[in-house]
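*Asks:* Here are the chains, one letter per residue:
There are 2 protein chains.
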Amino acid sequence: MARPTPLSGFPELLPEQRVVEREVIDTLARTFELHGFANIETRAVEPLDQLLRKGETSKEVYVLRRLQEEAAGADAGLGLHFDLTVPFARYVLENAGRLEFPFRRYQVQRVWRGERPQEGRFREFTQADIDIVGRDTLPFQHDVEVARVMLDALSRLDFLPAFTLQVNNRKLIQGFYAGLGIADVEGAIRIIDKLDKLPPEQVCTRLVEEAGTSAAQADQCLALASIRAGDLSFVERVRELGVEHELLEEGLTELAALVEGCLPLVTDRARILADLRIARGLDYYTGTVFETTLSGLESLGSICSGGRYDSLASDGRTSYPGVGISLGVSRVLVPLLQRGAVTADRSVPSAVLVAVVDEDSRPASERVATALRANDVPCEVVAGAPKFGKQIRYAERRGIPYVWFPGAEGHEVKDIRTGDQEAADPATWRPPAADLRPQVSADRHEASGDETSSDGPTGPAPTTTKEQQQ
Amino acid sequence: MARPTPLSGFPELLPEQRVVEREVIDTLARTFELHGFANIETRAVEPLDQLLRKGETSKEVYVLRRLQEEAAGADAGLGLHFDLTVPFARYVLENAGRLEFPFRRYQVQRVWRGERPQEGRFREFTQADIDIVGRDTLPFQHDVEVARVMLDALSRLDFLPAFTLQVNNRKLIQGFYAGLGIADVEGAIRIIDKLDKLPPEQVCTRLVEEAGTSAAQADQCLALASIRAGDLSFVERVRELGVEHELLEEGLTELAALVEGCLPLVTDRARILADLRIARGLDYYTGTVFETTLSGLESLGSICSGGRYDSLASDGRTSYPGVGISLGVSRVLVPLLQRGAVTADRSVPSAVLVAVVDEDSRPASERVATALRANDVPCEVVAGAPKFGKQIRYAERRGIPYVWFPGAEGHEVKDIRTGDQEAADPATWRPPAADLRPQVSADRHEASGDETSSDGPTGPAPTTTKEQQQ
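First to last, the sequence lines map onto chains E and C. Under this note's numbering, the first residue of the first sequence is numbered 2, with each subsequent residue one higher. Under this note's numbering, the first residue of the second sequence is numbered 2, with each subsequent residue one higher.
Check each hint, because a few of them may be wrong.
The list treats identical chains as one, so a pair stands whether inside a single copy or across any two.
With a straight-line cut-off of 20 Å between C-alpha atoms, the simulated EDC-like cross-links for lysine to aspartate or glutamate are [claimed, not checked]:
| hint | residue 1 | residue 2 |
| --- | --- | --- |
| 1 | Lys-388 | Glu-101 |
| 2 | Lys-391 | Glu-241 |
| 3 | Lys-391 | Glu-360 |
| 4 | Lys-388 | Asp-416 |
In case anyone wonders, no lab produced these hints; they're calculated from the structure. Because the structure is a prediction, the values reported are computed rather than measured.
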């Protein structure tokens, strides 16, 4: 066949880019497990009626049809999942009798959204979700826990630019609006959400005209939305607005506990921000909400979002409250890889290329390789027996740091970067730890640079929106 | 919603079963990397025309349609991949200019086949493929290499029953038949393939009647097919049949080199068998063919198959020969999990549950957990502050081996299996290595037992056929 071209929206990685992705996923998995989260995977498909329960996502679903079926009417009734929350809720219900609650799980899988390719949205991408789900009840403490876990995980991804976990609480907003006497709380929240795009005066006008607030109420809504703090000072600033409501008090207490619980994890690179402007996620969540932005990469939108659901799932008799966060792995990683902002130093796992003197001595080279592998040193043996110069170029092109020369008199290993060569025993020799595996490194300068156009295997650069992430 | 039921053909695992699957995949990945294979993943979808190039697989393809598209005529022209070979061939062509050849890659991903659920065939399952692909040429040595790598990998899966890698070579068969003067070589091979199901006399009759061989030629075909050897003795036995042909000689030499190269890896559990009866894979491959069966689980069919393609991919000007093997991870694992033949000793990663004395001292418990995690000890902190007895039962139900009691005077850690309790410092304490992570263990007796019917999350027991595996 002719040389194929990439499919828009379906990014693929070269081997050296995949090294970076695996390192990210391994780091996330290790962190989640240190915090006691069990891994699961769910099937890629769900019944369509489950996927379409939220009307607004219907446009995004890929429906499956078996090829030999005649027409759309014969659809299998299955679609590809568009997030990991819907399948997790179904998994919890299906296996409730076999799970221990509260159930902490993490899940790293691809999801699919059949949107028309536009603005770099991916049609296939990887998400990493953590959730804690309880049976009937779930202590608020777990809201703090998931925030801490994700802060810990993101902090360990040291190639990332600085990031800010922005938190808010639906009860706080709802209670504040109710305490103000606003009748159409949902409508007012939807208008406040436009503060990203509209000047405050216009938002104010629309609150009055569309949500039926008074001018004074609208001013108070804007005042609340302007509060941001990286510490507990936001509590006093909310109180100074003079609004009182039981739900507001509950939300304030929760948000304060959340910020307080996260403060010990704050560093130069990992920030927490109580941001009372966040309104968007409130449609879905019933308490805590999370968003996360990267410094210098704010255009990516929130890379990591989530919150508390009073009822993640319910079978009618039992309700399963949950709290979770979802990290858009592809959303963060693909743009950074495209910019060359994070790279691996070789495209193969081999730390050593074992040279072959001539075809007759191949078994000797194979024995060296077997000894190195027994010692956990990844290596490969040259195919054929070309001249040593060609064997060294083979290693150079792949970034393999060492070439091993077996000899009847003894063995020598050469660091082809420095040219240093020394005698070595295949049963005991190991390279320095940094050479054992491909090393991932970041170029911070590139991270916040302009997006480069790319015909590469990673596809077009994404400028995704929040919906795609959670 | 009501409690959902499993989808037939889409197996899912409970957290403790997923522990086993991850251990298997990690072991495979580690082994492949020790042998210098780089990991890649490809997108889940391919253009339909690529998927349908082999007519016989067309029935198995899941076609995608975006929900808002009206009818089947508006199909996106995409289908889910049904193996990892078609996408890999496309990836090689697409990225040929950015890859170094010979290119060793491994790939562990799900594939989908839209077949009607029957005989336990999965519609979604995981495969682990290794391939080496060259540009224009690929030395035969790599056929030996992939066999050795897969033997090494399967040997490390110590919960597996004994297995036998069965090998043959298309050139040997084709050359033998040609040397015999059989005109319809392909037809004769297809009939010989029925030796699994039909008695030799019937196969003989059909060779004569349908493939037009003489009775003597048919006898020679059967004689060749009866040769099996775990060493190089098959070479002499083939020669004794007195057939001569250049291609036969080439095939014999290759098969002998393959067996010889694998002999050093043979153990009680890992066997190699030159099996000249294998005919099935010869349709697809041009030289070496591999199949693998598990002792006592022969009903699963070949769990690991592959071979040599003279042209894995071609863009018209350049051809890319390849050799590879594909392991059916779900095919092997799901039946063993269903039988309880392999299990993990806990359902959570936590090695330690950190107790909470009362809500006021929660920060002290959190500090213990942070110290343990800094030391790479997975742990979780009790939510709330129930009585210690309830906290211990929480750990017991999840299989968490240790409970940590923080105290103002000092810390103690209790092994809840033995009841032993001792003073400990959270900054330095580590459990024995065997307690650090969930341990996977095998019950060999169960492995070869009858398949139990199961309504469990792993779905119906599979009795898959060879096609599904590669």
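*Asks:* Hints the structure violates: just list their numbers, smallest first.
*Replies:* Of the numbered hints given earlier, the structure breaks just one, which is hint 2.
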